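> Letter by letter, the chains look like this.
Protein chains: 2
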Amino acid sequence: MVTSPELKAYAQAARAAARALSTASPRAKNTALLAIAAKLEAQQEALFAANRQDLEAAQAAGLSKAKLDRLRLDEKVLRDLRTGLQQVAEMPDPVGEIEGLQIRPNGLQVGRMRVPLGVIGFIYESRPNATVEASALCLKAGNAILLRGGKEAWHSNRALVGLMQAALQEAGLPREAIQLVPTTDRSAILEMCHLAGLLDLIIPRGGKELIELVQREARMPVLAHAEGVNHLFVDESADPGGAVQIALNGKTQRPSTCNSLEKVLVHQRIAPVFLPMLAQAMQKAGVELRGDEATCALIPARPATPEDWQTEYLDLILTVKVVNSLEEALEHIARYGSHHTEAICTNHHAHAMRFLREVDASLVLVNASPRFNDGFQLGLGAEIGISTSKLHAYGPMGVKELTTTKFVALGSGQVRD
Amino acid sequence: MVTSPELKAYAQAARAAARALSTASPRAKNTALLAIAAKLEAQQEALFAANRQDLEAAQAAGLSKAKLDRLRLDEKVLRDLRTGLQQVAEMPDPVGEIEGLQIRPNGLQVGRMRVPLGVIGFIYESRPNATVEASALCLKAGNAILLRGGKEAWHSNRALVGLMQAALQEAGLPREAIQLVPTTDRSAILEMCHLAGLLDLIIPRGGKELIELVQREARMPVLAHAEGVNHLFVDESADPGGAVQIALNGKTQRPSTCNSLEKVLVHQRIAPVFLPMLAQAMQKAGVELRGDEATCALIPARPATPEDWQTEYLDLILTVKVVNSLEEALEHIARYGSHHTEAICTNHHAHAMRFLREVDASLVLVNASPRFNDGFQLGLGAEIGISTSKLHAYGPMGVKELTTTKFVALGSGQVRD
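Just so you know, the protein sequences line up as chains A and B, in that order. Read the first sequence against the numbering used here and you will find it ends at 533, with the numbers running on by one and no gaps. Read the second sequence against the numbering used here and you will find it ends at 533, with the numbers running on by one and no gaps.
Be aware that a few hints might be false.
One copy or two, either will do: identical chains are not told apart, so a pair holds if it fits within one copy or between any two.
Unchecked claim - Mimicking DMTMM-like on lysine to aspartate or glutamate, the simulated pairs with C-alpha atoms at most 20 Å apart in a straight line are: (1) K516 <-> E215; (2) K516 <-> D355; (3) K155 <-> D196; (4) K192 <-> D533; (5) K124 <-> E307; (6) K400 <-> D533; (7) K516 <-> D476; (8) K516 <-> E206; (9) K267 <-> E307; (10) K181 <-> E444; (11) K516 <-> E474; (12) K400 <-> E172; (13) K400 <-> E213; (14) K192 <-> E286; (15) K192 <-> E157; (16) K181 <-> E328; (17) K183 <-> E213.
Since the hints were made in silico from the structure, they are not lab data. As the structure is a prediction and not an experimental result, all values here were calculated from the model.
The task is simple: from the sequences and hints, build the whole structure.
In structure tokens, the structure reads:
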């Protein structure tokens, strides 16, 4: 088991590496990213062997097929990781860019220079791809990362981090810019949370319990996502066929993700047309429907309980409510929504604009599937997670969200009157 | 004394007000700002009377002249507040602005819409002007504010908040957008820190003890400033006369502020010329000099103790060290600096650029006084405080720093493959 002094030493090494990395050239960072991609290909067999150890242990422990799938490193996973690394390498380097340079009346030139955050603590669960994705984004942004992965992926993560450290070294960068916490003991999470002054930010990615633990214990800023109790409001003027397609995509395209659809609110005037179409499509897709009284009068659905309105199912279950107006939909979302992803289907311009403006969520969509709440889909190139807290980042976090800006001022002897 | 349920009711009222304010028109908000300015003039005598109650109590309690000065509302203070309110009203409204709208390959239009943070808790000490300045910035940004002022300013703050609430009402906005916590009991600070889910952000402004208390107790994000252990590095190539003027301005223009100069590092090659000039200017200004061995060999100065390198004096004391190189200066600042304000005097372009890039502080200056670390001086129009934490805001926080962005996506039926 890791002891506090040992973990502190890792964090101190990360701090020193972060200082070096903050002024590393874009070329050195990109060389390291491409070297990681090359090694993922060259050392494929060794990675598969390490991954097999994890898979065998997981199988022996009786993990579900879904969890085994998430844990597996195969050729497709490695190919996707290599493509991602190449894309990150090709992205413009955010560090050192000066924004909004203006000349003040006294001649002082003032701007904001984009700089790395420092050391990021990343606490996550089973998928070993996250090890590489998070490290690559942090490296591009000039941050050091301290990784605490799940115990199921221990051998895979150790192999991946070893490979990335070798790539850093080849590029002339400090190996300690990417480090794996040397234990999967749960106590290491608490210890990381208490390393204030050494970690600038903690990003927890995983279940509700993990995220709440980190939010409660951390003595430094945390960027976390709450669960996604996501709604689609089908307005009176919506195209019912298009709305069914959006609901179906939102619910069934990958039901276990936090940007999946959990609730449909439908305007009473379109409900008699829309709901039977929705019911048919959802039944065909194996989705269980629950509904309020008005819904149950129109389609076969189980009566919804009060808990249904606040539950993130992450499963093939959808709860439906008939509302009298846009206002009622907005009130319902303000009360039950989790600030994650909210959508409207409408052909009424003013309703679209009002929904967009008034709904408080990390992504608000008009006539599109909530499944688009993803860094790649929204054009960030990649993401390290989705933030549902409003400070610093709200929504998917890419390279830019892993940096900050400091003020810079260029003078010629200016003093204050 | 305030009880928890009562304070919670204030925060809940603030939340409801924040929702209304988030969609208020720029005109309504600006009308309220200008109405506050008009009432500050019209109700001047009533404000002076309330302020007199505070001043008399403070005098009876034996407060220092400096503290009485900070507490006093006079014609000049009110005039400055009115000017500030007019400037904030004239600033462009940040809310609703969409940044970086791009069309994705599938036709989805994606951008980021600037939105208010919600409810801000503001905990501050004696100056009653801060009551109006902070409220005005929050109102412009579309946030509700819950103010907890110091007990010395109780009557003044109550009069100012009453006046601002009347102005909100005249403009058709909810009075609860600006509220004063109905007690100055210290327990109210702890209670505010525990109102997670009701306050989106706490900004503490005051002494180190207050800030550390809030950082330790708050269950929501905190934007705070650490003390300013601010350095000026006088490089070999600096203009010694200009460097003396910058040091003098940094130290003496208003020594009690966090952006004042506390340490001078001087390159050994320029020390024999620069230090006697510095000593003469500082002695004339009544500044006590402390120094390392090399400094004490060149000018009259008290030998510095190890504590001197990490102390924010906020007083007419300055500690000086002779260094061998830019590298040594950078190391010293990385070790002892507090990420607040750091400056270099140099005529060497590469040294200026390296200092700017490598020093990690909320403002890094070349050839200018550290006293410029101030929202108005840096062109933000006004500030609610200076953040020395890197998340969300680093440096002075103006209207924009009191907002965030959410993602918005405009589609025409897009779903994910």
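> Going through the numbered hints above, which ones does this structure break? Give me the numbers in ascending order.
2, 10, 12, 13, 14, 16 and 17
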